[in-house]
Amino acid sequence: MSVFSLAEREREAALASELAALTERHRQACPPYRRILDAIAARPPYERLVELPWLPVRLFKTHELRSVREDQVFRVLTSSGTTGQQPSRVYLDREAAAAQTRMLAATLREVLGERRLPMLIVDSRSVVRDPTLSARGAGVLGMMNFGRDHTFVLDDQGGVDAEAVEAFLARHGSERFLVFGFTFMVWLHLRGLGADLSQGVLIHSGGWKRLAEQAVDNAEFRRRLAAECGLSRIHNFYGMVEQIGTVFLEGPEGDGLYCPDFADVVIRDPESWQEAAVGEPGLIEVVSTLPTSYPGHVLLTEDLGVVRGVDDGHWPGKRFEVLGRLPRAEARGCSDTMGQG
Amino acid sequence: MLDDPKLDVRFPAGAHVPVEELLGELGGGLDVGDERVREFLSAFGRRLLRPALARRHPELGSLGFFLRPSELARTLEGLGTEHVRVPRGLVFHIPPANVDTVFVYSWALSALMGNRNIVRLSPRSGAVAEVILDTLHEALTDADPVIAATQRIVSYGRSDGITAALSAACDLRVVWGGDGTVREMRRHPLAPHARDLVFPDRSSFAVVRAAAWLCAPRAARVTVAEGFVNDTYWFDQAACSSPRTVFWVGAEGDCDAARADFCEHVARVVTVRGWGVDAAMAVEKRVSTYGLAADGLAESIEFRGNALANVTLAAAATAPRQWLGAGTFAHARLGSLAELVMLVERRDQTMTHFGFAKDELERLARELAGRGVDRMVPVGSALSFHRVWDGFDLPAEFTRLVTVIK
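Chains A and B are the protein sequences, given in the same order. Counted from 1, the first sequence has number 283 at position 289 by the working numbering; the numbering is strictly sequential. Counted from 1, the second sequence has number 69 at position 27 by the working numbering; the numbering is strictly sequential.
Here chain A stands alone, though its shape is the one from the complex (with noise of 0.2 angstroms):
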């Protein structure tokens, strides 16, 4: 079953109601929760998606927010901060830990098909085994889940192992396989190898500001990418730790990131905070019914994206755009002498 089936409207009855609910929940379960919706007078009913108290997505670093007994807790996520930053950490339990290893192979089984596929990776083998595991090491790792044959594109120095690639073409180049890497990576790597990647579907995802710094942007990243080593299926997503399962997914005509039916975007003013037209940028919050063990199911992101439409795509439901990340609040205090030098 496809979880790419809700148009808006049905999309936002089901899930404003279950949201609704799993606010209640985390009220009573997080005692840190509690007394924030407290503070900021926050009640039901709440019937639209936007009238739900959202959450800062950086309180993860700073606070522990769970709403599971210590002993249920199945596994903890981190983050890798920004440096002097504390990581995120995410508590799931049991059913959590499922549910969202579930709904992401069924959000990413809409373009890789039921079997597992043969799986190129755009990285060196080393991010996966440093026993402080990056997280572009964490993405690796997870992503592998949904591969075999698992092949490595780079070296343990980061060099191309041109042979590696050469040997997996041979044993899969002409049935459809995986390839996932960074998408900073894949534009680095992948063009020069002067492969035929046609059967290939890159799965890719980690931010453009390093593209953008090349002036490439997804258009152009899609068109040098086909021309140049054959990859016409393409899918960029856009996740989080802490909404760890949920992937909002490209589409395969590349005209946005679409939300699978568990979880809608809510695009905000951050002047106004209320919810930006179509076409009209703000701060990206994100919902998803996925974290139940944790108050992380409305979280405003420090992203800024737009919605570029609404039941018009490939897809159902709304169709946006990530456009980059909001630069940190830097004050002129008196404390900040040598500071980055």
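Keep in mind that the hints were calculated from the coordinates and are not lab data. Please note that a few of the clues may not be correct.
[What the hints assert, rightly or not] Cβ-Cβ distance ranges computed for the label pairs, FRET-style:
(1) 197(B) x 158(A): 26 to 32 angstroms
(2) 98(B) x 273(A): 32 to 38 angstroms
(3) 324(A) x 67(B): 33 to 39 angstroms
(4) 107(B) x 268(A): 40 to 46 angstroms
(5) 68(A) x 306(B): 47 to 53 angstroms
(6) 201(A) x 120(B): 53 to 59 angstroms
[Stated by the list, open to error] Partial list, computed: chain B residues near chain A (C-beta under 8 angstroms):
(7) 219
(8) 253
(9) 282
(10) 325
(11) 332
(12) 335
[What the hints assert, rightly or not] Every beta carbon over 10 angstroms from chain A, so not counted as near; a handful from chain B, in silico:
(13) 119
(14) 320
(15) 331
(16) 407
(17) 413
Glycine residues also receive a C-beta, built at the ideal position from the N, C-alpha and C atoms.
Assemble the complex: chain A is given as a structure, and chain B must be docked to it using the hints.
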């Protein structure tokens, strides 16, 4: 940044030199209150007060005011003693990177006391620092050559070598900019006779007598609200002397009414002045205030647009000391001024006040007995630099006394 063993001399504008060369060329020969320094500083201050400049950068107006000849004379008058006052020698200043005017206050007082000075200006310093440097150069044209021979403002990136050499060479090291910087600098030893003058992380609060607020004429309340907004929004409330918590003193009903009226006035000033905050700051304020609520410190949070946020503390004892973002105020009630004695911490620096008599404040200062609070100034004066700062009499710190008995 690479460890470059050379530094850029920015005043008097010059070369890219190794630290030994910088130290070698620095001459002496100034007296405490040297006439040639006074002339130079007055000329520099006059230029800062030019209307166009002061309009564009109001903080330069305050600085120019501080450097008026009469102010300089007053600074020197306070130093009378039976001993002979002499300069300390070579003073090495490390000012904060992002409050552009601090380096001038610190350096000007030290120069006035006859010291040779090396000021380390951060390579990240802002536009105002450039204006200041240009203005210093203008004033230098007519100045006695002794100024150029004795004063240096330099920039260098992260270089332990240079910091170590300057630390070893100086007689007094002045470190502004917080606990981290102070710890960092203390890794570099001073000469045995030399000493540090440090300005670590501080935090500040305001205290208002509710009954006095309620009785004050409207015009007075407007003026105080304007002063409060200046105290807090000018440096995004991150200056060490900008208040973060407002304590309301009085009966509960009075405090609630006074606070409500005060917040109305502040909101109006913020709107009229057009103070806004950008999206990043707006998010920052949500993160910090929601965090206070999560920790059980905030009973309620109220946002008036993005520019003004009011937090009601669950208890006065948990007043936050950390920066919460521009225009974020914690409020708590006290039965009497004396209750502050239990609440004040060593890091509390400036107490801005409204509605208290001088003897009440002096009594509080004595009761605090040095456990915290170095300045008690009226609301609106939090950012006004004074030669006595953080509890130090700076002109005195910048000099030594020679005992002469006949």
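So, going through the hints one by one against the coordinates:
no., hint, result
1, 197(B) x 158(A): 26 to 32 angstroms, "49 angstroms, violated"
2, 98(B) x 273(A): 32 to 38 angstroms, "37 angstroms, holds"
3, 324(A) x 67(B): 33 to 39 angstroms, "36 angstroms, holds"
4, 107(B) x 268(A): 40 to 46 angstroms, "44 angstroms, holds"
5, 68(A) x 306(B): 47 to 53 angstroms, "50 angstroms, holds"
6, 201(A) x 120(B): 53 to 59 angstroms, "58 angstroms, holds"
7, 219, "3 angstroms, holds"
8, 253, "28 angstroms, violated"
9, 282, "4 angstroms, holds"
10, 325, "6 angstroms, holds"
11, 332, "5 angstroms, holds"
12, 335, "4 angstroms, holds"
13, 119, "29 angstroms, holds"
14, 320, "7 angstroms, violated"
15, 331, "8 angstroms, violated"
16, 407, "23 angstroms, holds"
17, 413, "21 angstroms, holds"
Consistency with the previously given hints fails for numbers 1, 8, 14 and 15, ordered from lowest to highest.
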